[in-house]
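Undergrad: As given, the protein sequences belong to chains A and B, one line each in that order. Per full-length UniProt numbering, the very first residue in the first sequence carries number 1; after that it's consecutive. Per full-length UniProt numbering, the very first residue in the second sequence carries number 1; after that it's consecutive.
Please keep in mind that the hints were generated in silico from the structure rather than gathered at the bench. Don't take each hint at face value.
Note that identical chains are pooled: a pair holds if it fits in a single copy or bridges any two copies.
Straight-line Cα separation of at most 25 Å, SDA-like style, residue types lysine to any residue; simulated pairs [what the hints assert, rightly or not]:
#1 196 <-> 216
#2 144 <-> 217
#3 349 <-> 234
#4 56 <-> 119
#5 169 <-> 123
#6 68 <-> 254
Number of protein chains: 2
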Amino acid sequence: MSLAKAYAAHSNTAPLVPFTFERRPVGAGDVRIEILYSGICHSDLHQARDDWGGAKYPMVPGHEIIGKVVEVGAEVTTLKVGDFAGVGCMVDSCRHCEACSHDLEQYCAEGATFTYNGTDRHTGETTQGGYSDHIVVEQRFVVKVSETLDLKAAAPLLCAGITTYSPLKHFKVGPGQKVGVIGLGGLGHMGVKFAKALGAQVVMITTTPEKGADATRLGADEVLVSRDPEQMKAHAGSFDFLLNTIPVGHDTNPYMGLLKRDATMCLVGVLTELDPPLTGVSVIFGRKHLTGSAIGGMAETQEMMDFCAEHGIVSDVEVINIQDVNEAWERMAKNDVRYRFVIDMASIKG
Amino acid sequence: MSLAKAYAAHSNTAPLVPFTFERRPVGAGDVRIEILYSGICHSDLHQARDDWGGAKYPMVPGHEIIGKVVEVGAEVTTLKVGDFAGVGCMVDSCRHCEACSHDLEQYCAEGATFTYNGTDRHTGETTQGGYSDHIVVEQRFVVKVSETLDLKAAAPLLCAGITTYSPLKHFKVGPGQKVGVIGLGGLGHMGVKFAKALGAQVVMITTTPEKGADATRLGADEVLVSRDPEQMKAHAGSFDFLLNTIPVGHDTNPYMGLLKRDATMCLVGVLTELDPPLTGVSVIFGRKHLTGSAIGGMAETQEMMDFCAEHGIVSDVEVINIQDVNEAWERMAKNDVRYRFVIDMASIKG
Chain A
1 MSLAKAYAAH
11 SNTAPLVPFT
21 FERRPVGAGD
31 VRIEILYSGI
41 CHSDLHQARD
51 DWGGAKYPMV
61 PGHEIIGKVV
71 EVGAEVTTLK
81 VGDFAGVGCM
91 VDSCRHCEAC
101 SHDLEQYCAE
111 GATFTYNGTD
121 RHTGETTQGG
131 YSDHIVVEQR
141 FVVKVSETLD
151 LKAAAPLLCA
161 GITTYSPLKH
171 FKVGPGQKVG
181 VIGLGGLGHM
191 GVKFAKALGA
201 QVVMITTTPE
211 KGADATRLGA
221 DEVLVSRDPE
231 QMKAHAGSFD
241 FLLNTIPVGH
251 DTNPYMGLLK
261 RDATMCLVGV
271 LTELDPPLTG
281 VSVIFGRKHL
291 TGSAIGGMAE
301 TQEMMDFCAE
311 HGIVSDVEVI
321 NIQDVNEAWE
331 RMAKNDVRYR
341 FVIDMASIKG
Chain B
1 MSLAKAYAAH
11 SNTAPLVPFT
21 FERRPVGAGD
31 VRIEILYSGI
41 CHSDLHQARD
51 DWGGAKYPMV
61 PGHEIIGKVV
71 EVGAEVTTLK
81 VGDFAGVGCM
91 VDSCRHCEAC
101 SHDLEQYCAE
111 GATFTYNGTD
121 RHTGETTQGG
131 YSDHIVVEQR
141 FVVKVSETLD
151 LKAAAPLLCA
161 GITTYSPLKH
171 FKVGPGQKVG
181 VIGLGGLGHM
191 GVKFAKALGA
201 QVVMITTTPE
211 KGADATRLGA
221 DEVLVSRDPE
231 QMKAHAGSFD
241 FLLNTIPVGH
251 DTNPYMGLLK
261 RDATMCLVGV
271 LTELDPPLTG
281 VSVIFGRKHL
291 TGSAIGGMAE
301 TQEMMDFCAE
311 HGIVSDVEVI
321 NIQDVNEAWE
331 RMAKNDVRYR
341 FVIDMASIKG
């Protein structure tokens, strides 16, 4: 056991406040990581506010974790003390189902164990996340992070990064393709960077014309303002793939109209109802696909971290101290961040 | 020009009544077909009632046509006088767009010309369908029909048949797969027959337990009553492919829960809103696909007719005289047909 300093929510209306709790002892397959940076994901807010139900308090959010390995169990082979390491949305899974055996732990038949607000398979206790000074995680769920990456800006790769990288890879985005990234936020700005690095022609699709210049800076070849019917018409039937990062229910029909025959739009942001509803016409005429994708498996997360090191890809971040986390959440709720807050966890020692 | 005897609707509330009009002259690439049988598709009713808008009257419905070639133009190479022939939902397209050049005329960039309530590309007049004694169609949009098939029962293959065959083939349904056909009507009963002939394990998914015995007779290996939560739970996550033939808006979420990871549900019946709406969760967790498919191209329609001749597949039909068409429509509206009405067009001469 080791005493952890953290910030936690104690109800769905309370602000985050300092909190101390015990981490589980380092088991034979575990590593203990001193957390250097912890990204703030929009789902942290959703879960702390219990927007999706099932919240357990006290809750220490955070699943975009970058840190340094400070202790390893006897059976750990993939990491050693001193390595830089990353932890994302999952810290465990059944490891034997069909999905786990295909390195798709995020689709584990028994349900993956989430980094916070989950149930620890070793202790039965509620898992606690990255707004904390350290964490203990089984080695399969820890990735190695190259020293060449800007570590604070690498934290969001563990969720925003893998969530966008995985579908772009799975659906084989590459050179010669016209790819649209819908929505320019924490996910969308990573989608643009990855789609560009994979060689596609990238169009940023946004409701906000003001974001255009920023999209170009991030690597977009073109900006399509979705509220402009003329622009939408000009791009109709022209996209090979759409990565839809919008985090709330919305009308997907106009976007389906942008796809070529047999092409796919992949949802990564919205969990709730697609309202107003999708129509049959939107998929039937052109045999179009609507699909979705959840984060990525651990092997693919490591692949992404290596891809980022190779291509010099990180998130655009604004670094804050843990003491300012409640204000950051308020600003995030208003989309007032370009594009991700990251907590410098050294501040928790102060 | 040739005078055609037919039955037509003259408004969205009027019954079908006898109607006489001129068919266009047989051009160099055209064939003239004496219609022997004309299937009654649910969309005939929708279009005559103007449920989808754009109805032009008088309207002669009918796009499941079986007949005999009685005249061919000078450039016709694929058919000869005396051949049995079929005409489906389309009678023309641009023939040069990307889709047409890939034998996918149904997705023609300029819009395929529908067999009725369309605009004839030769004459600019409204096209008139198969509730008629003959029709003139360009050879590319006419398929050959084997004499070995029961011709009256072959008529619905031209719409209900190809609409279900095409997605089963495109999404590679075959041996070793568990395939669900949702909805047991004109489309669904053909879906069961084709999925079985393609070697899949076929589960008929219906809200109506009484249809179970019939589904088994049609070839289903198993029946799943979708209103039974226990049965739905037992089949959760087990299907490789779902063919959804439900013709009206419905909740697709429970069906998405039946799919395996990365598997697809294909809509072929519903054009309108999927209400209550699909949720992001239904596609994101398991990277599942919702897609759709419209009829099939002409080359594939010919392939299907040949497949049917080889496997002895036809529709289950109830044959009526043209004079009874209004009563048949009323029964069809109440789903009181197993599974397709077909008009014996000899009755129009009487």
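Undergrad: Look at each hint and say if it fits the structure.
TA: Taking the hints in turn, this is what the structure says about them:
{"no.": "1", "hint": "196 <-> 216", "in the structure": "within (11 Å within a copy, 52 Å between copies)"}
{"no.": "2", "hint": "144 <-> 217", "in the structure": "neither (29 Å within a copy, 58 Å between copies)"}
{"no.": "3", "hint": "349 <-> 234", "in the structure": "neither (55 Å within a copy, 51 Å between copies)"}
{"no.": "4", "hint": "56 <-> 119", "in the structure": "within (10 Å within a copy, 62 Å between copies)"}
{"no.": "5", "hint": "169 <-> 123", "in the structure": "neither (35 Å within a copy, 49 Å between copies)"}
{"no.": "6", "hint": "68 <-> 254", "in the structure": "neither (45 Å within a copy, 44 Å between copies)"}
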